[in-house]
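Sequence lines, in order, name chains A and B.
The numbering of the first sequence is the numbering used here, which starts it at 31 and goes up by one.
The numbering of the second sequence is the numbering used here, which starts it at 31 and goes up by one.
Everything labelled a hint here was simulated from the structure, so no lab data went into it.
All C-beta atoms, glycine included, are put in the ideal place defined by N, C-alpha and C.
Check each hint, because a few of them may be wrong.
As the list claims (entries may be wrong) - Which residues of chain B face chain A? A few of them, derived with a C-beta cut under 10 Å, are:
#1 Thr45
#2 Phe48
#3 Lys62
#4 Gly64
#5 Val66
#6 Asp115
#7 Leu121
#8 Thr135
#9 Tyr142
#10 Leu155
#11 Asp161
#12 Asp165
Said to hold, decoys possible - Simulated pairs of lysine-lysine, DSS-like, Cα-Cα distance not exceeding 30 Å:
#13 A/Lys149 <-> A/Lys162
#14 B/Lys149 <-> B/Lys94
#15 A/Lys149 <-> B/Lys79
#16 B/Lys162 <-> A/Lys162
#17 B/Lys149 <-> A/Lys79
#18 A/Lys47 <-> A/Lys79
#19 A/Lys149 <-> B/Lys47
#20 B/Lys162 <-> A/Lys47
#21 A/Lys62 <-> B/Lys62
#22 B/Lys62 <-> B/Lys98
#23 A/Lys62 <-> B/Lys162
#24 A/Lys94 <-> B/Lys47
#25 A/Lys162 <-> A/Lys94
#26 A/Lys62 <-> B/Lys171
#27 B/Lys98 <-> A/Lys94
#28 A/Lys94 <-> A/Lys168
#29 A/Lys47 <-> B/Lys79
#30 B/Lys149 <-> B/Lys168
#31 A/Lys171 <-> B/Lys79
#32 A/Lys149 <-> B/Lys98
#33 A/Lys47 <-> A/Lys94
#34 B/Lys47 <-> A/Lys98
#35 A/Lys98 <-> B/Lys149
Claimed, not checked - To be clear about the criterion: a stretch of chain B counts as covered by chain A if any three or more of its residues have a C-beta under 8 Å from a C-beta of chain A, and this derived list gives those stretches:
#36 36-43
#37 51-59
#38 68-79
#39 102-114
#40 122-134
Protein chains: 2
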Amino acid sequence: MSSSAHDIEEGLAFTPKFDADGLITAVATDAKSGDVLMVAHMNDEALRKTIASGEAWYYSRSRKALWKKGETSGHVQRVLELRVDCDQDALWLKVEQQGPGACHTGRRSCFYRAVPLGKAGSTTLEFRDADKAFDPGKVYK
Amino acid sequence: MSSSAHDIEEGLAFTPKFDADGLITAVATDAKSGDVLMVAHMNDEALRKTIASGEAWYYSRSRKALWKKGETSGHVQRVLELRVDCDQDALWLKVEQQGPGACHTGRRSCFYRAVPLGKAGSTTLEFRDADKAFDPGKVYK
Numbered sequence: 031m032s033s034s035a036h037d038i039e040e041g042l043a044f045t046p047k048f049d050a051d052g053l054i055t056a057v058a059t060d061a062k063s064g065d066v067l068m069v070a071h072m073n074d075e076a077l078r079k080t081i082a083s084g085e086a087w088y089y090s091r092s093r094k095a096l097w098k099k100g101e102t103s104g105h106v107q108r109v110l111e112l113r114v115d116c117d118q119d120a121l122w123l124k125v126e127q128q129g130p131g132a133c134h135t136g137r138r139s140c141f142y143r144a145v146p147l148g149k150a151g152s153t154t155l156e157f158r159d160a161d162k163a164f165d166p167g168k169v170y171k
Numbered sequence: 031m032s033s034s035a036h037d038i039e040e041g042l043a044f045t046p047k048f049d050a051d052g053l054i055t056a057v058a059t060d061a062k063s064g065d066v067l068m069v070a071h072m073n074d075e076a077l078r079k080t081i082a083s084g085e086a087w088y089y090s091r092s093r094k095a096l097w098k099k100g101e102t103s104g105h106v107q108r109v110l111e112l113r114v115d116c117d118q119d120a121l122w123l124k125v126e127q128q129g130p131g132a133c134h135t136g137r138r139s140c141f142y143r144a145v146p147l148g149k150a151g152s153t154t155l156e157f158r159d160a161d162k163a164f165d166p167g168k169v170y171k
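Make the full structure from the sequences, and use the hints.
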């Protein structure tokens with residue numbers, strides 16, 4: 031029998047709830063600005079490596095592989111704090127982003143486009159903080 | 031044929047990528063503090079209602095139902111900005127949280143426990159900002 035909802039929400043036992051694919055959602059924010067840098071996933075191994083090393087590891091669903099953030103680019107994420115949410119199915123990493131950016135497109139954050147509000151049916155995005163912080167062609171081979 | 035990766039990442043067409051269950055991950059942060067308040071999901075209808083109204087709507091996987099955040103508690107989230115990430119499979123809402131908190135346990139944020147770092151194998155969480163901001167027993171019937 032799994033833990034009760036009360037134990038999961040109010041207890042101090044860390045019992046991360048991985049989904050059917052063995053993954054848990056992880057949100058990385060810039061510890062200074064509070065900006066969301068990226069939303070990714072961790073499997074059990076990525077989570078263990080993150081906790082042990084204090085640097086962010088993720089699991090890529092597209093590449094089906096464990097990866098250390100910054101392994102290729104050098105843009106490592108130093109984890110200042112790792113938190114878990116009430117039902118223990120999401121993680122929040124407050125990170126110190128090394129290098130110019132977190133996004134593989136060259137931006138500091140993956141969230142460089144806004145969806146206009148109040149316009150039902152509008153499907154045109156607007157760039158926000160979308161200047162490239164680095165040249166992905168040079169950073170990734 | 032779906033849009034190319036380049037179109038999805040660099041274009042201005044909003045083409046949110048819902049998962050096999052028709053959901054997309056949505057992260058709500060406090061627009062002032064930058065703290066992550068909650069990680070939830072939206073289906074197409076929740077996303078449309080959020081865009082049209084400027085207030086956050088989600089889809090509850092456990093209750094299998096659309097819900098307006100704050101419908102019962104009054105703790106509505108006014109969306110100041112909605113952003114989409116590079117591959118358009120995650121949303122970031124910068125919100126003005128109405129009322130004392132976002133979490134159904136009574137805290138301001140759902141992320142009120144930290145996972146200690148550097149201790150391989152440790153499974154004991156630590157409370158952080160875990161004081162109750164409201165009494166859930168009084169707010170939810």
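Quick one: which hint numbers does this structure break? Sort them smallest to largest.
-> Per hint list: 2, 11, 12, 14, 16, 26, 27, 30, 31 violated.
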